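Using the sequences and the hints given, assemble the complete structure.
So the chains spell out like this:
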Amino acid sequence: MSYAKQFGLEREPFSNAPDARFYFNSDQHKHALVKLMYSVDSNKGLAVVIGGVGTGKTTLARRLLDNLPEDKYESSLLVMVHSGITPEWILTRIAMQLGVKNPDVDRLVLLKQLYERLRQIDEEGRKAVVLIDEAQMLQTRELMEEFRGLLNLEIPGKKLLNIIFFGLPEVEDCLALDEPLAQRVAVKCRLQSLSVEIAVSYIKHRLQVAGSKRMLFSAESIPAIHAYAGGVPRLINTIADNCLFEAFLRKVETVNSEVVHSVAGDLGLLSRPSPSPIPPPKSRVALPSKEPGELDDIESMLDRLEQKL
Amino acid sequence: MTPLSNKEKFLASAQKNLQKGQVSKSIKDYQKVVQADPKDMRNRQKLAELLSRERRIDEAQAEYEAVAKYYTENGFYLKAIAVYKQMQKLEPTRANIYHRLAELNEKQGLVGNALAEYRTLVSYYEKNRMFPEAVNVLQKMRDLEPENLNIRVKVAEGYAQSGNLAQARRDFDDILNDLKAKEDHPRILKLYEILIPLFPKDAGMKTGMAQALIEGKEAEKGITLLRSLMKDDPENRQVLGILAQGYRKKGDFENERLTYHHLLKSAPDDLDLRESYVGACLDGGESRRALEELEEWKKAFFAGGRAKTLKAFYERLKSLVDDRQVMLTLQSIYEATGEGEKLFDVMSSLPGKEGIGSDQGGGAPSGEVLETSLLDDAVEDLEELEEIADLELAELEDDDALVEFSGSDEGSLEEFPLEFLEEVGGLAVAPPPLATLDEVTDLEISLELMDEETADADEEELEIELEEEAPCAESAVEEIDLELELDIPETEIEALLEEEESVLELQLDEIVEVVVEEAEEEVALEIELDEEALTESVNSVTTEDDDFLVLDIQQPPAAGDLVLDLRAELEEAEFYLQQGLFDDAERVCRGLLASHADLPELQTKLEEIAARRNETPLEEESFFDPAGEMHSENRGGLVDDSEEETDRFGLDGVLSEFKKGVESQIDADDAESHYNLGIAYKEMGLLDDAVNEFDNAMRNPLRMLDCLTLKGICLIEKGNFEGAEDVFRSAMARTELSDVDRMGLSFEMGLLYEAWSRPGKSLAQFRAVAESDRSFRDVGEKILALQKVLENEEAKGKRDRVSFV
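Order-wise, the sequence lines are chains B and R.
Residue numbers for the first sequence follow the numbering used here, beginning at 9 and rising by one.
Residue numbers for the second sequence follow the numbering used here, beginning at -11 and rising by one.
For the record, the hints were derived by calculation from the structure and aren't laboratory data.
Just to be clear, a hint being listed does not mean it is correct.
Stated by the list, open to error - Only pairs whose alpha carbons sit at most 16 Å apart, straight line, appear in this in silico EDC-like list of lysine to aspartate or glutamate:
#	chain 1	residue 1	chain 2	residue 2
1	B	212	B	249
2	R	8	B	249
3	R	776	B	132
Claimed, not checked - Stretches of chain B that chain R covers, calculated by requiring three or more beta carbons in the stretch to come under 8 Å of a beta carbon on chain R:
#	region
4	40 to 47
5	88 to 94
6	193 to 206
Note that the structure is predicted; figures quoted are calculated from it, not measured.
For each residue, glycine too, the CB sits at the ideal point set by N, CA and C.
Set out below in structure tokens:
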């Protein structure tokens, strides 16, 4: 039973399954993407994207991957699905993803193979990029050291491999396991939850991509959704999806506050902070207040550190 | 450190910052670059682009303007156009940019583009009710396209809207004159539709419109409009003149005649009107009336150089009216025009034919003297005159209706009874009494030319005695004597006197009218010319100089004038009645009533007026009122809708036609300008504009391939790969391509597929190029690179770039 037909939609608008068509280019995602591309293009080595649950890290990772055409980049996205992986395993997978045809079981041989492959990629005028999603699962110092080792694969004046971690804030704890690696973080982006205004645009965007000819949510329903979701896109999706289904069952044409509250109740979200309107952030872009200057400072600091290294 | 190195340093910093997405910092760097080298237009333009990207519009515009001015001053108009186009995109409401663009396009010879910019400006100014500004722009448009009627109309309209009605009127008049010269009635009508609302108080506009309607195919509407105008100004001669034309167009010759009659009342000497009047009589089947008129005015026609017209009329009359007088006048005309053959025909047809007496009053003999005088006037050869006199004498012998003109002493008096009554009837004297008169009146006229044996041998006196008798009422006999004095120079008299007899016919309509003063009486009228009457003559025909015989009929003023007035006034009343001017019609009839209270026709006419007046209110409601109708039509659509208002004269339609025309007439130079402008646009990233220009330029066959190629490249830059593929394919399909052309296109297609991430297809195109020329551009490198890409893809197989660990 689908509500899509009822609302004249071509597909479900609030599915949490990754779908590039639904990519919402919010200001913070846009900025993050620019920074990450800059990091890759200038061979910075290591970049980190940190964000809470459902803030769009995976979406951004896939978007970045799409932005890396194969003629210019040898790129791969590794999604960590469990925390018990070993350094060898990850090394082998990375080697395979980068095109090492028969990765050796011997770590040193494998490293050699990988180095040769990276040089080949470089000779082709391309850049090697490895994206690691759910990086907070890399919870051992050995793993961190392995990554540091990979980042050390370089030719004079040039790094041969770029690594980008996408993860929950805990990823910083993982990095802290190997201080030299933490120091190698050249670019760091933080994804925030959406402001209510951005949430409005987000919902409209997804509806539009799904083929909706009209706004299916009443004006007062969105702040309620936003409040229950805490501005987290994935939760917004879940609530909005349920709201549409609820509206479909109730045979109402537009999702209203009543529907939202009902859905929030079903989802057990009523214990969350009151859905009363959340004061809008001062900036439409939900970035840390000192973000631009702060990032510049960090960049400068990292540049200096690199020079010293 | 030299400024140049400074510049390089800033430039490097700017590019680095830009790469990092730090636009503000990059802008600062570019500002320093520009400061270090103010003439570096490329970087200034880059600065402007970045400023516009940051929505720092004013600063961006200032930089763009500096670039555009530099290009303009240095003659790089196409580049300047491209820069202004950027500025226009940034701030579409800045009118001065449109001006600059139009001027630059004009300088570059791109008239179509210039007009397009001006049109946008005009729309903008009109929308904002800035009419003087709109007019200025329209004038520029007119300068660009002086023959463009629509622009001219818009200019004039603009003047009107901005309050300069005098100039508007002048311009409209010019346009009207041009249209009239082309007899473009539909457009004239359309123009009046525009004009009338603009000049609501100008009756001339409605008059003009009426004329346009008449000259078009809507005479009825035109007449109705004129009638409505006459209510305000019944004596407007222009209106009346057009009205008469309207009636003619409609085939209503009776009303045409009445209208000319009315006009002639105030301008009796206007021969144009007179000619038209006669024409209306003839076409309306009133040949007799035409003849009367012509006989009365033929001398004036001759004097006015209208012999040809006169001839045409009489030749028509010849077949319409069986009247000796027609033949006689024709004879005179042919004499004057020197048409001997026709003259002979006429002369030979005159004798033996039915005489004037059988004619129902039309052949009034009084015309003969005039005829002779005309002849004298036209032909100064006395011999000829004598011949004609001979001829006429011969006719006289057979014709009892002719007045005898005798130069002999014997002066045998012959009496020629003339039946005037019908003629009188024709002169519109009250019908019933005339009907009676018709039956009982016996009119006799005798005209005898006597040789006066007086001391003054030069002078011949001709006396006409008119005797009116009422046989039934003997006591009521009245005598009217007319004395005709004939002054003939001695030599002529001598010549004339040598002739035994001479015939003179007199046209005596007026005399007859005099006679019929007492309408109720039965009268017999006799005109006798004898010696006794001579002494008591009241009228005379006198030869005043060597060339002329002049008929000087001094009618008893009261009686004659009255009859003529009666006829004229009744016609006048009829005219007013026909035009729906009932007050005027009634006024004329009432005026007549004072002197002719018992004239039944007056009463009839008054009743008719009253009846028509009663019909009219209803009729008027449904009456067609072209002006009003047009207003209401316009209110419903075109005029009220300001958007469409510009199209009232088909402006948009014609402009688009015009544009098409311009486009189709683009010569090689224009195409080259479009081509260059396209390149300038492309360089500045104005890809849509560039594509438009290439579309325009490709009308030049020599530039077709270049334009298609560049268009395809633009589409690739836009990411419209499918579009680009179509363009390249269409170019490839052309038959006239050389091998080098094909190579170039294949190479471009290779680039297209490369950008489209289709390395296989791309490689195929490049290989096709390399087969012909391995050194073509960098085709070798392209092939190598693509081969590597494909090998890598192969190596990777279908490896998913996303892996779960």
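Results of checking the hints against the structure:
| no. | hint | verdict |
| --- | --- | --- |
| 1 | B/212 <-> B/249 | holds, 13 Å |
| 2 | R/8 <-> B/249 | violated, 38 Å |
| 3 | R/776 <-> B/132 | holds, 8 Å |
| 4 | 40 to 47 | holds (count 3) |
| 5 | 88 to 94 | holds (count 3) |
| 6 | 193 to 206 | violated (count 0) |
In the structure shown, a violation is registered for the earlier hints numbered 2 and 6, in ascending order.
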